[in-house]
Each structure stands twice: as C-alpha cells, then as structure tokens.
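For this one, chain E is given, so just place chain C on it according to the hints.
The lines below spell out each chain.
There are 2 protein chains.
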Amino acid sequence: MKIGRLNHVGVATPSIEDSIRLYRDFLGATKIHEPFDLPEQGVRVCFVDVPNSQIELIEPLGADSPVHGFLAKSPKGGQHHVCFEVPDIIAARDELLAKGATVLRGGEPRIGAHGVPVIFVHPKDMGGVLIELMAEPEHH
Amino acid sequence: MKIGRLNHVGVATPSIEDSIRLYRDFLGATKIHEPFDLPEQGVRVCFVDVPNSQIELIEPLGADSPVHGFLAKSPKGGQHHVCFEVPDIIAARDELLAKGATVLRGGEPRIGAHGVPVIFVHPKDMGGVLIELMAEPEHH
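As they're listed, the protein sequences go chains E and C. Numbering-wise (my numbering), the first sequence opens with residue 204 and increments by one. Numbering-wise (my numbering), the second sequence opens with residue 204 and increments by one.
Okay, chain E solo, but in the shape it has when bound (with noise of 0.2 Å):
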C-alpha cells in the first residue's frame, strides 16, 4: 500500500453556507461546487477548489447524522478528517487489516462523496487523526 494524492480536507461545520461565505470572501476560493445531500451518509457536502486539492465541507444531514457528536464538542466545527487516494481499495483494506487496524464498518467500503468506493480508519490507530481512503477517481 501506498498513500496517494491528499484528495481533500473535510471540514465539518454547522452551516455550509456560512462556511462558503469564509471561504471566498475572507480566503478567496473562487471554484465552489455546488452543495448536494449524502442521505446515506447523513451528511450534506460542499466541495471547494484550491489548485492542487480540495476541502470538503460537511453539514449534518438528520438527527442521527455522525456529524452532530463532532459539533457537540466542537460547535463552531473543525477538521474533520484527511482523505489520500490510493490505488486499490480493497488492497488497502486488507493490508491495513492485517496489520491491526480499525477500519470502520468493518472495512466493508460504501461509495463516498466522488462516487468511488472510501474506507476510514479509525483515529484511535492514527494519531488521533480520522483517515479516509478513497479509491482514485476515473479523471487521474
């Protein structure tokens, strides 16, 4: 296994307009895509573009959505994970598996916000920091 790409930065948050409002007038972003649900997720998203990468942008979706315990702790919102493509998921899963890893879900993939399979590997194993991997989309 082998890390890839920094796909994107999510950033959880309480209002994903009040955060496109930051981004692009305090920062200046000047490519943000348009907002869409993730029902199954129980998030909503907002993708903003840097030239090199991007930040994620989620919102709770629902009251079970995973997102209302980050905010509980955190209400202004913050970091949320870190996500590297790799190129093959299910390789990644096994290896990381083999090696005592927590994969969530069991390592069982569900199809992410680029519409490609993503695991997440718990923080506790990572430093404290949530890491999601992603298989690399079709446009690389």
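Possibly wrong hints are sitting among the right ones.
Because identical chains share one entry, a pair is satisfied inside a single copy or across any pair of copies.
Claimed, not checked - Here are the simulated EDC-like pairs of lysine to aspartate or glutamate, each with C-alpha atoms no more than 16 Å apart in a straight line:
1. 276 with 220
2. 327 with 221
3. 205 with 252
4. 276 with 243
5. 302 with 228
6. 205 with 291
7. 302 with 240
8. 276 with 221
9. 234 with 220
10. 205 with 339
11. 279 with 220
12. 205 with 297
Hints are computed from structural coordinates only; laboratory data are not their basis.
The following block gives chain C in isolation, referenced to the frame of chain E:
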C-alpha cells in the same frame, strides 16, 4: 486575495517518531523528510510527502510550546491546522485585517518551516479551523 495550493496539513503528535511509523508502515508513505527543530516556535516538525501536498507532523519543543495545550485536550494528537499558499503574504494579511479577521501575533509574519513568511488566522473566524497562510515558496 486568492488562496493557492494546499501546501500542507499540520498534525500535532506527542511523538514524531511514533507518527512516522504510522504514515510509513500503515499508509505506505515513502518520502519522509528529516525532522528538525523550530525553537522560536516551540515545535519540532517533520514533513511527509504525498504526490500533491505534505503532512507536517508537529511535536512540542520545550516547556512553553503552544502544542502542549493542543495535546492536553487531544493526548493522541490530531489535525492542528491547514496551510494554503498565497502570492503576497502582506497583501493577504492586510486584506484579512480589513475584513475584521483576527490574525495571530497582530498580523506580523514570521518565517515558517519552509523558510518563507507565514501568518495564522484565528480559528474563531474560520469555522473552527486554524488557517496558516504562507508566501509561495521559490520552487513553485
């Protein structure tokens, strides 16, 4: 002002050596730079390369290190800041101050880990995310 490349994600850790093992052995990072001290900032740092960006591992250096406070809340470590490049750090600082943002150290830039001037925007103004802005390094 227009944010440029996501230069790095800053990750606080109680031990750079332990974190290097995670990124090397679990995630397969292959280009890990030599750690070095930044005594005037109270940190020891280590850059881990991915194809399009870097992870900056940050360990407290000295009793007054600002990272001790972070680790007191998150003993395993965690995501500390996100750093974007800007073409003109002074213009960026002036624009942020004019818009009412709180820039740390009164907006006075200092030389960061890449040898170029950096400023930090207070997380209270940026949705709970500590944002570092750095002048574009020479090699870009």
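* Asked: When the hints from earlier in the document are held up against this structure, which numbers fail?
  -> 1, 4, 7 and 8
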